[in-house]
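All chains, please: the whole structure from these sequences, using the hints.
Listed in order, the protein sequences are those of chains G and H.
Basically the working numbering = 1-based index in the first sequence + 302.
Basically the working numbering = 1-based index in the second sequence + 302.
Note that these hints are calculated values from the structure, not bench results.
All of these numbers come straight from a predicted model, not from anything done at the bench.
There may be inaccurate statements among the hints.
Which copy is meant is left open, because identical chains are indistinguishable; a pair holds if it fits in one copy or across any two.
Below, a list of computed lysine to any residue pairs in the SDA-like style, where the Cα atoms sit at most 25 Å apart [said to hold, decoys possible]:
1. K482 / P791
2. K344 / T308
3. K482 / L748
4. K482 / M794
5. K344 / M303
6. K501 / G749
7. K823 / E770
8. K482 / E746
9. K394 / D834
Protein chains: 2
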Amino acid sequence: MIDFQTDPSRYRHWKLSFDGPVATLTMDVDPNAPLLGGYELKLNSYDLGVDIELADAVTRLRFEHPEAGAVILRSGNPNVFCAGANIRMLAKASHGHKVNFCKFTNETRLAIEDACANSGQRYLAAISGGAAGGGYELALTADHLMLIDDRRSAVSLPELPLLAVLPGTGGLTRLTDKRKMRRDRADVFCTTEEGVRGKRAVEWRLVDEVVPPSAWEATVQERALAMAHRPPATGIKLTPLRREIGPDAVIYPNVRVTLDRPGRRATILVRGPESTPLNLTGIHAMGDQFWPLAMARELDDALLHLRLNEPNLGLLVFRSEGDPKYLLDADALLTTHAHDWLVREITLLLKRVFKRVDMTARSLITLVEEGSCFAGSLAELVFAADRSVMQTTVATLHLSPLNFGPLPMGNDLTRLATRFFGEPDSTGQAWARVGEPLDADAAETLGLITTAYDDTDWADEVRLLLEERASFSPDALTGLEANLRFPGPETMETRIFGRLTAWQNWIFQRPNAVGDNGSLKRYGTGERPTFDPARV
Amino acid sequence: MIDFQTDPSRYRHWKLSFDGPVATLTMDVDPNAPLLGGYELKLNSYDLGVDIELADAVTRLRFEHPEAGAVILRSGNPNVFCAGANIRMLAKASHGHKVNFCKFTNETRLAIEDACANSGQRYLAAISGGAAGGGYELALTADHLMLIDDRRSAVSLPELPLLAVLPGTGGLTRLTDKRKMRRDRADVFCTTEEGVRGKRAVEWRLVDEVVPPSAWEATVQERALAMAHRPPATGIKLTPLRREIGPDAVIYPNVRVTLDRPGRRATILVRGPESTPLNLTGIHAMGDQFWPLAMARELDDALLHLRLNEPNLGLLVFRSEGDPKYLLDADALLTTHAHDWLVREITLLLKRVFKRVDMTARSLITLVEEGSCFAGSLAELVFAADRSVMQTTVATLHLSPLNFGPLPMGNDLTRLATRFFGEPDSTGQAWARVGEPLDADAAETLGLITTAYDDTDWADEVRLLLEERASFSPDALTGLEANLRFPGPETMETRIFGRLTAWQNWIFQRPNAVGDNGSLKRYGTGERPTFDPARV
Chain G
303 MIDFQTDPSR
313 YRHWKLSFDG
323 PVATLTMDVD
333 PNAPLLGGYE
343 LKLNSYDLGV
353 DIELADAVTR
363 LRFEHPEAGA
373 VILRSGNPNV
383 FCAGANIRML
393 AKASHGHKVN
403 FCKFTNETRL
413 AIEDACANSG
423 QRYLAAISGG
433 AAGGGYELAL
443 TADHLMLIDD
453 RRSAVSLPEL
463 PLLAVLPGTG
473 GLTRLTDKRK
483 MRRDRADVFC
493 TTEEGVRGKR
503 AVEWRLVDEV
513 VPPSAWEATV
523 QERALAMAHR
533 PPATGIKLTP
543 LRREIGPDAV
553 IYPNVRVTLD
563 RPGRRATILV
573 RGPESTPLNL
583 TGIHAMGDQF
593 WPLAMARELD
603 DALLHLRLNE
613 PNLGLLVFRS
623 EGDPKYLLDA
633 DALLTTHAHD
643 WLVREITLLL
653 KRVFKRVDMT
663 ARSLITLVEE
673 GSCFAGSLAE
683 LVFAADRSVM
693 QTTVATLHLS
703 PLNFGPLPMG
713 NDLTRLATRF
723 FGEPDSTGQA
733 WARVGEPLDA
743 DAAETLGLIT
753 TAYDDTDWAD
763 EVRLLLEERA
773 SFSPDALTGL
783 EANLRFPGPE
793 TMETRIFGRL
803 TAWQNWIFQR
813 PNAVGDNGSL
823 KRYGTGERPT
833 FDPARV
Chain H
303 MIDFQTDPSR
313 YRHWKLSFDG
323 PVATLTMDVD
333 PNAPLLGGYE
343 LKLNSYDLGV
353 DIELADAVTR
363 LRFEHPEAGA
373 VILRSGNPNV
383 FCAGANIRML
393 AKASHGHKVN
403 FCKFTNETRL
413 AIEDACANSG
423 QRYLAAISGG
433 AAGGGYELAL
443 TADHLMLIDD
453 RRSAVSLPEL
463 PLLAVLPGTG
473 GLTRLTDKRK
483 MRRDRADVFC
493 TTEEGVRGKR
503 AVEWRLVDEV
513 VPPSAWEATV
523 QERALAMAHR
533 PPATGIKLTP
543 LRREIGPDAV
553 IYPNVRVTLD
563 RPGRRATILV
573 RGPESTPLNL
583 TGIHAMGDQF
593 WPLAMARELD
603 DALLHLRLNE
613 PNLGLLVFRS
623 EGDPKYLLDA
633 DALLTTHAHD
643 WLVREITLLL
653 KRVFKRVDMT
663 ARSLITLVEE
673 GSCFAGSLAE
683 LVFAADRSVM
693 QTTVATLHLS
703 PLNFGPLPMG
713 NDLTRLATRF
723 FGEPDSTGQA
733 WARVGEPLDA
743 DAAETLGLIT
753 TAYDDTDWAD
763 EVRLLLEERA
773 SFSPDALTGL
783 EANLRFPGPE
793 TMETRIFGRL
803 TAWQNWIFQR
813 PNAVGDNGSL
823 KRYGTGERPT
833 FDPARV
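Right, here's the structure in full:
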């Protein structure tokens, strides 16, 4: 089982240190601790295990170290910044593992950018030694990229010439959309194994500055200090999740996942809170036990567990139980205290977890039924679903202001705005009903659910829906959902997952990359790969 | 060899008829005339051969029938509007053929939308009988969709449940982006084999109106007449292309393609005009011999020939020869007379042909060398290329106003604006140099080319560049180019090719669709496909 839970005391590959407002996140990969086994993590190369620690560090920096206004991303290896994803790992991993590895690393890098953009916790990449492939892609997430000018250190995206795959951890998209590199220069850069260094790296906007070795350490510190503008604050502790993993269930205090293997589905039941703190002091006092934060962490872990460890469960059914009143109260606290650093972090984490739902390549069906508590932020699971069905008479749905702004999808629109892309007035009509209990008739009229079913038909209709979904081709559903969930406008983020990743996944199926004579299998054997020359 | 040239006298599958300002394009597929052989084109299903005729008809309607302000798209088969792409054809076609078939059909459908949006030649889909899959996708291109309300005729996208592939001829994207259907309704629609008819089809925005059978013919005519608002005009004749196809060359009067099979490349040499008509009357008198139109038709045919018939030539090298003066004169005529219907059509065809260049999955390298005439509209081949290199001292490049607006890419930006996505000032600097001969130094400073090479190094540098490119994985290059050519903003058009198509191509590689037990192979055998349940 791949476990996404860790903490700094267990890190094998990263070190976190602090100096006033400046944190330092040092990559120093232990070659002898690969996640899958059978390869060495040489030259600060990474696999999913390395990235799980990085994701943990990025989250902890936000909750546990709000005093850190700048984070220096650097290498503990004197010779290399980071050599990117480990090639032996890619060569031996299944298609599904490769795809999910890339997705998770992309989500982690977007989380770094979210910290820079929305938390005032700004990253600085201090590149000393080569930053190749995924190594440079990691650096690209920073607000400021510094490259030591030692005639040896370079940035590069050598995937295409070396491995016949794409710089798929956002690399191509960040070059064009974030660094706004000219497309033909990007073409040269991505086909030049040795990369670019020195003055040209700045001229081509690959890095923001190059610094001579003699001034390196001082300049890194100076830049980091200048970037750090966060008011003082005291973090909270993210304690280990309480989790029981059984053969057919994963149980957390607020989230209960039950696995139906013959039905090829998992049911994710979210239990609403049973109380709400009175005020901001109460939220800080509860720390990671405050329901929205606790639930978000548990749901996130559950999603990742299902993605990597339960690939055959193609259908996620979201349910909830509890009193919607407490959910609306919690949302009201999040809205009222939106400018508090902790409340902001909780809301941003909710945003990221719901984005993880959107990006989960499983069919998502939400059941709004008797006793459920899809209210406010939790109702995002209704709007994220491919279909949401609701029981007449006995079930209710509630909206809160959190459905109208703070929890956007990767396309920068709310789920409601995405849903009502063709009928913007419907968003206004929904806004007018914030806080009201909406029964199935009202929810259907407002366009908030897909279908309402009568009490008497409910069980049968739900069963038919789930059975039908499970009968379709898993791949076709993945493709369908990747299109329908993201109508209209795109952002760098959606283009990473929708364009770059889709092409990479195609390449990951092609013999030129993954066949016995393909580049990934032949890498390091001394034999060159042989390519089918046909272009499609 | 697949030939893209045809004319109405040779059509097997379509009929064109005219009644004043209303044209009718009737699909009546001959089941016994499949392009590839080995299947019957039942139920108005189509293959590439059917679509080649459609593309020809759409182009002729614009040049030969400018009097037609409305085009009724209908079926000559009393039982079915169109059953979509032929499934037996898909099952037997190679991956490369499937991908290129889908690309061409998408380009043809976008050409219909271009006529609606930019030529005032508006399409009306008169759907009588089932419009399934590609059949409904074809109807979706129309400005107005009418469905007969006969309790039998329905629109549907049954690809997913029936074939385990996507409605990939723009279907998913047009549902969300053009028809602006709510995403969960689109999910229901795309998983419901039998489709939707009657009132619900209107409510879900799948069609614009349903009409009872008794009023059908009269209403179709009425709507078409109401849509037709084009001033009277007399068309020109599109005469057959003069073309010689040899073993290693395809030669047209203005375009010469030479094939270097060992080098895996084709060189496309465009010969500039040797004279220019004096005025608008001269353009109309020359008709399809006016250089921009003649060249556009020849280049288009050459691109399609290379795509379908020469898959192993992964590299297209663009060259030109001639006097840039005449090119600039021709561009000046196109600019001065932009409001003339024929001039507008020529410019719009140039736009579509250059878009076909952008969408060609081959590496594109443009050589600006001694004697070349990349000026104005032809310089789009410099900006479309993945790399453009220029010889110092002896070569020149010229810009014209046509580089700054009338020839946008699928992303709705000009190639220069796309190129300068990160430095919008550069577009203004280029604009200031319109009409001037720019040598390699100037072109490099302005950012118009990738690299300038000295005369003495030119031959070697070019050889190295072409050899290096030919050594890379064809698939990785396809993915790289599909990303780098389209930085930043997306449109429905780029999302069809970049998101929908990329996922479809992935699915077209997956055993669940194309394996021996997959849906395409099993279709019609009475045996259900067996799916690997794993989601990736």
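Problem set entry | Hints breached by this structure | Violated hints: none at all, because every hint is consistent with the structure.
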